[in-house]
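Number of protein chains: 2
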Amino acid sequence: MFTSVVVVVLIPAGYSNGFRGQVASAGLLDLLDEGVPGVGTYEDFNTIDWVREKSKDRDRHREINRQKKQSDLALLLSLIDAFSGWLLMLLIGLLSGALAGGIDIAAHWLTDLKEGFCMKGFWFTHEHCCWKSNETTFQRRNKCPQWKSWAELMVGPYCFSFSYGASAYVVNYLMYVSWALIFSYLAVILVRAFAPYACGSGIPEIKTILSGFIIRGYLGKWTLLIKTITLVLAVSSGLSLGKEGPLVHVACCCGNILCHLFTKYRKNEAKRREVLSAASAVGVSVAFGAPIGGVLFSLEEVSYYFPLKTLWRSFFAALVAAFTLRSINPFGNSRLVLFYVEFHTPWHFLELFPFVLLGIFGGLWGALFIRANIAWCRRRKTTRLGHYPVLEVVVVALATAVLAFPNEYTRMSSSELISELFNDCSLLDSSKLCDYISPGKGGERAANFSMTTNGLADRAAGPGVYTALWQLVLALVFKMFITVVTFGMKVPSGLFIPSMAVGAIAGRLLGIGMEQLAYYHHEWPMFKGWCSLGAKCITPGLYAMLGAAACLGGVTRMTVSLVVIMFELTGGLEYIVPLMAATMTSKWVADALGREGIYEAHIRLNGYPFLEPKEEFEQKTLAMDVMRPRRNDPPLSVLTQDGMTVEEVEGMISDTSYSGFPVVVSHQSQRLVGFVLRRDLVISIDNARCCQDGIVGASRVLFTEHTPSHPYQGGPPPLSLRPILDLSPLAITDHTPMEITVDIFRKLGLRQCLVTQNGCLLGIITKKDILKHMAQMANRDPDSILFN
Amino acid sequence: MFTSVVVVVLIPAGYSNGFRGQVASAGLLDLLDEGVPGVGTYEDFNTIDWVREKSKDRDRHREINRQKKQSDLALLLSLIDAFSGWLLMLLIGLLSGALAGGIDIAAHWLTDLKEGFCMKGFWFTHEHCCWKSNETTFQRRNKCPQWKSWAELMVGPYCFSFSYGASAYVVNYLMYVSWALIFSYLAVILVRAFAPYACGSGIPEIKTILSGFIIRGYLGKWTLLIKTITLVLAVSSGLSLGKEGPLVHVACCCGNILCHLFTKYRKNEAKRREVLSAASAVGVSVAFGAPIGGVLFSLEEVSYYFPLKTLWRSFFAALVAAFTLRSINPFGNSRLVLFYVEFHTPWHFLELFPFVLLGIFGGLWGALFIRANIAWCRRRKTTRLGHYPVLEVVVVALATAVLAFPNEYTRMSSSELISELFNDCSLLDSSKLCDYISPGKGGERAANFSMTTNGLADRAAGPGVYTALWQLVLALVFKMFITVVTFGMKVPSGLFIPSMAVGAIAGRLLGIGMEQLAYYHHEWPMFKGWCSLGAKCITPGLYAMLGAAACLGGVTRMTVSLVVIMFELTGGLEYIVPLMAATMTSKWVADALGREGIYEAHIRLNGYPFLEPKEEFEQKTLAMDVMRPRRNDPPLSVLTQDGMTVEEVEGMISDTSYSGFPVVVSHQSQRLVGFVLRRDLVISIDNARCCQDGIVGASRVLFTEHTPSHPYQGGPPPLSLRPILDLSPLAITDHTPMEITVDIFRKLGLRQCLVTQNGCLLGIITKKDILKHMAQMANRDPDSILFN
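Note that the protein sequences, when read in sequence, are chains A and B.
With the UniProt record's numbering, letter number 499 in the first sequence gets 499, and the count goes up by one each step, no holes.
With the UniProt record's numbering, letter number 632 in the second sequence gets 632, and the count goes up by one each step, no holes.
Please note that a few of the clues may not be correct.
Note that identical chains are pooled: a pair holds if it fits in a single copy or bridges any two copies.
Said to hold, decoys possible - Below, a list of computed lysine to aspartate or glutamate pairs in the EDC-like style, where the Cα atoms sit at most 16 angstroms apart:
| hint | residue 1 | residue 2 |
| --- | --- | --- |
| 1 | Lys148 | Glu127 |
| 2 | Lys768 | Asp112 |
| 3 | Lys768 | Asp44 |
| 4 | Lys432 | Glu416 |
| 5 | Lys772 | Asp783 |
| 6 | Lys432 | Glu616 |
| 7 | Lys747 | Glu392 |
| 8 | Lys432 | Glu408 |
| 9 | Lys620 | Asp81 |
| 10 | Lys528 | Asp655 |
| 11 | Lys68 | Glu618 |
| 12 | Lys271 | Glu616 |
| 13 | Lys620 | Glu63 |
| 14 | Lys120 | Glu152 |
| 15 | Lys381 | Glu115 |
| 16 | Lys309 | Glu612 |
| 17 | Lys309 | Glu616 |
These are calculated hints, taken from the structure and not from any lab test.
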């Protein structure tokens, strides 16, 4: 008699069930964790099982807690383990802050290179070149002798005096366009050659990854390197794109790469996603200098699973990053952001009306932008347009450069433009937008002009302002159209800055309009009582800021995080009410025209398997309508707990492509015992066949707890696979409404769920089935969903 | 033959299962929602079923969506329904802001009444009394002629010139103590007589309620009224307590009461809890003038289920409340808070060392405070001390008043004290804490004294500062002890302000110490390079603020929300790093000495059934270890789907006290069909017995979908209870680890969960079982948990 049962010594890493705890000693566990490659990992384009990953981590944690009572070394290791999360956050903050600083400096330098060259050294930007000279900052930047425009360099200083007209302009124009073409070509070539994942903003993909999807290489070192370089090139090329979204991707790459330093995070997909949630907060923190806004952005917009511990750690990482960036000081002003603003004028209740108008504009533009952009991207995907990405980028860059150069407000970088539009005019301001008729020239109208406590009083607009207005209108139209074709090209491209630029232009236009109205018609009833002559009533910069917030809100549908980011930019609780009015209106208007924000729209366009946590499932279907097998399908492939041989199991594995099999008591009763993953099954059987004596094709596979007391006389020894059996698969009844099923999947992060009827196994629902069902219910193509 | 089956026309309000959708027409549903009282509601001290409540709401929402396509009126109603949430938030913000303003004003007036009386009118506070006079504000407040201290009134103005010594002091002392006794006596009497729930801070109970527990009347109108009045009295009595925690309770009462205006929120416990989450954000917003901090407080500290929609609405409500409070302007300074501070001095890296010291102090004090307070409260619960709550309050108030009066820093209200400690000294400051030796008197040491760009340079402390130091040390010791016995008495009492006061005193002491050290020993290596003579290096007010944050963090274990509240108070990103250093240290130190914050400790002390979402369940037990029936218990009471009569069912109901019964196919197979709630069963059978023909004790109870095709010849008609059967009860296997079970309960908000083994029903786990099991695992008394 041959009574021993060969127990497979393979325990999937941290696979938590009751049995495991009883058989696996800790040392063995550690050994096996290392020893069996591939167990507990996922294949590309697969979804992770959050329950399993979290169980793994809890097991690890329990093991550490157990060991730390035994030796001092283990105690020390447990302390290191406990602090490794904080250390990781520190490193992510430092690295992301440093990278963001580097990107800022390099992009500044390259952007300036399009216009000219510093004679003191080619590595100086325009600002640094002239800063070091003895000129004062109040002088126009064009007056700095060390900085030569390309025309000055090429046409030559000798003919400068008489030919600084058309020819110099043409030379500068040509150089500007050439550099734009070179930068954009380099960017798209680098992306295509080395890291195709480096294109776009990355936020849709990061949202998908954080929800539990695996996209290998998306957050890898090549992506990081190429994205950093090409981001600088793309921004400098003058294309209508921003670096803020891609900075989130860069920060997440940093987070993912640094995770490899710590076993805890390297081996656990759920823990790693906590780190990535924090990293996305870091990204926004360095992009806007808004650590709290970054954390809320991560919470509201990108994260899927955001425990409180992550909240706290994100905050820490975001702060470290912000301070690293500040100490690098890329803008040379000790500020975290280029467009820091400080307003002092209070706003009046009646101004809420134009603020709401800005919100409506933002919402309309946001919704239309999303539709137009998605339509364009779909055309790119489906027509021949998509076959020539390099050509597309170069053509768009050429068009952008050719159209942008003649207009001062499109020639400058978008962030400089926003900064200028947000700016409240002071007396010394020399920009065209601040060319108001000052009291001396203004005649009797401005006789009683004076400095108010809140700054300069409202004044009549001068000719400079009127010129600026026309240029801004042209810039607005240009930016509104060019951004639609730019976002989604094969270069790193963020949406925050272009959207904000559109809104800021619209806001400033409205603000100047209101200001002039108030100045010339201060006797109108609507201005009575709060806006007398010689008072400061309207701040056009505030309108620009609100317009920017409204447009950004319309495109991304961010709410709280957007208000907080803007609050951190301005630093005053005063403007929260206008900000809320503008962003709320914008969100409502945009939502009325289309439920999805730009990131959700791109997720759907690309077919990523993302289970939207915000949307309620409204249909009345039941689990039995969604589960497989469907009514006329062949029955579900199941294993029985003691009735199958190794050969039969292998046959089932090769016949099907399911990623797991339910185990039932017997084919007759169909009562559910557990669930076993295909991957584990394959590895276990291969392992047993090669390393365990006596396992042949005819060996019976046992999933039962107890070895049968009277085993098979003469037959081969059975193979017990109980250790790899998940004894706690979640099962729902066939009558469970899909709304509850979807909720369970979302909240627990399930990969699959079994469906039973009166205790008997009836079918299985996977995340893919749910996504397909949701697509079907929304009259979309269910096969568009990307899934392995 | 009698083939008709009497279908009970009772459909529990919104009870979502597949069948319901098929039988219930919408009109009927609405009618029944109104018609059957008690269905879908819960009894006192019971826990709600989140899944069921959310299903109810989704059904309601679907119904509205369906109807709105049919008529314009329904469309309008659906719009009103959609905006009712926002309207509710607006109302909560307005009401809470107004109440908070009223409480502030009333408490100010009563506090001042303890010291004196305004001759112009008794309704003026000291500040308003003197503000209206022609005196300038720079003069000492004691110089105002309209304001008479009690001594001046009683001893009389005629003898004022020669006896304003001991006798006046004694009169003032006596009046102060008497008022304190009167206020505290009134407060405790009112609480005991009208609203026993009005005592304490209310935050532990609100946390429990938000997690899904029902405590009737805890957020009712009587509680609101009495808490508002007694809060004013308790604060004015000079007891060592604050109004910030109770304001959260007051705001939640407002939220709960206003919910009654909207059917959507009145009828749905889950929706109402979303409103309460927002209301608690409102509470903190009005307490500290920190709307963002309030939202994060709600998210981090009190809320259980916080969907993104609630985030956005909380923010709106918090802002409305903050602006309502500001327009009431209770402090007369257009600020939202009494202790608004603005620092201008940058901090140096080396100062992190004393900041961390403050963190350690805060953590130590927090942990010790919690232990001492819990020990004292347990003694109150278990010994005869608890039988005399009125006496206790009066005695503590007497002791507080007697000890507090002689010391200037304990005599003033805690918030005034904090405000003074946070304050950075200016040249015109006349307080003792700012009595530095000014350059004119300082001799050669201060010869090179000058105003620095950041304010006054560090100076040598004068005699006033030294006196203040001693008084502050005494105040520190006094507050540390008296707060322990005060918190938990039967009056409304918050912890925020006393904790902050302790920390602020300690911080200011350390700050002054550091300042003097830097002044006298600026040549020490640690001050080299950043703190030369005549420079402004140390801001004692900043130390006070950090100390306050550290102590508050140690007591409540708040982290991000605390930093954000403090950030909103100071309005500068500059100080976030010191704040984080202090609060993180404080939390770590306190956590090392005891895992629980004060609120969790009080929840446990009172035995509230609260499933802590932050704590991981660390044990390795399985569902079968926790489920009932236990090994030697009688088997589970189950119903069969078609084998029982009405009498048998009624017998089972009266024999047991379970709140629900599983329904199985038959007693032999034990295969699970569904779950039925006791309450629904009782109501349905009563309803059928009285209103349906032919239902007698011998009628069979059917839970099956189809009426049997060959019913019982001659027997009474069967009673079909299928409509009240929950066909989608969540079931887990007996081998499911408890960590996963706890996670499922937490995330889905379950009330109970069935346990199966190989498809057969084995037992049931309720939230109570889980809480008892967790208590047992932590070596606590499992029977301490309060549950109906």
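Evaluation of the provided hints:
For a Cα distance limit of 16 angstroms, the shortest separation of Lys148 from Glu127 inside one copy, 12 angstroms, qualifies, whereas the shortest one across copies, 65 angstroms, does not. Taking CA atoms no more than 16 angstroms apart as the test, Lys768 paired with Asp112 passes in neither setting, with 49 angstroms inside one copy and 67 angstroms between copies. Within a single copy, Lys768 and Asp44 get their C-alpha atoms as close as 15 angstroms, which meets the 16 angstroms cut-off; across copies the closest is 42 angstroms, which misses it. Taking the closest pair of Cα atoms, Lys432 and Glu416 come within 16 angstroms of each other only inside a single copy of the chain (14 angstroms); across copies the shortest separation is 50 angstroms, beyond that limit.
Taking the closest pair of Cα atoms, Lys772 and Asp783 come within 16 angstroms of each other only inside a single copy of the chain (7 angstroms); across copies the shortest separation is 48 angstroms, beyond that limit. Taking the shortest Cα distances, Lys432 and Glu616 never come within 16 angstroms of each other, neither inside one copy (50 angstroms) nor across copies (61 angstroms). For the identical chains of this complex, Lys747 and Glu392 are neighbours neither inside a copy (42 angstroms) nor across copies (47 angstroms), given an alpha-carbon limit of 16 angstroms. In this assembly of identical chains, Lys432 and Glu408 lie within 16 angstroms of each other by CA distance solely inside one copy; the values are 10 angstroms within and 59 angstroms between copies.
Taking the closest pair of Cα atoms, Lys620 and Asp81 never come within 16 angstroms of each other, the shortest separation being 47 angstroms inside a single copy and 21 angstroms across copies. Proximity of Lys528 and Asp655 under a CA criterion of 16 angstroms is satisfied in neither setting, with 82 angstroms inside one chain copy and 77 angstroms between copies. Taking the shortest Cα distances, Lys68 and Glu618 sit within 16 angstroms of each other only across copies (15 angstroms), while inside one copy they are farther apart (50 angstroms). For the identical chains of this complex, Lys271 and Glu616 are inter-copy neighbours only, at 14 angstroms across copies versus 27 angstroms inside a copy, given an alpha-carbon limit of 16 angstroms.
For the identical chains of this complex, Lys620 and Glu63 are inter-copy neighbours only, at 11 angstroms across copies versus 45 angstroms inside a copy, given an alpha-carbon limit of 16 angstroms. Proximity of Lys120 and Glu152 under a CA criterion of 16 angstroms is satisfied intra-copy only: 15 angstroms inside one chain copy versus 79 angstroms between copies. Proximity of Lys381 and Glu115 under a CA criterion of 16 angstroms is satisfied in neither setting, with 36 angstroms inside one chain copy and 79 angstroms between copies. Taking the closest pair of Cα atoms, Lys309 and Glu612 come within 16 angstroms of each other only across two copies (14 angstroms); inside a single copy the shortest separation is 23 angstroms, beyond that limit.
For the homomeric pair Lys309 and Glu616, the shortest alpha-carbon distance between copies (11 angstroms) is at most 16 angstroms, but the shortest distance inside one copy (27 angstroms) is not.
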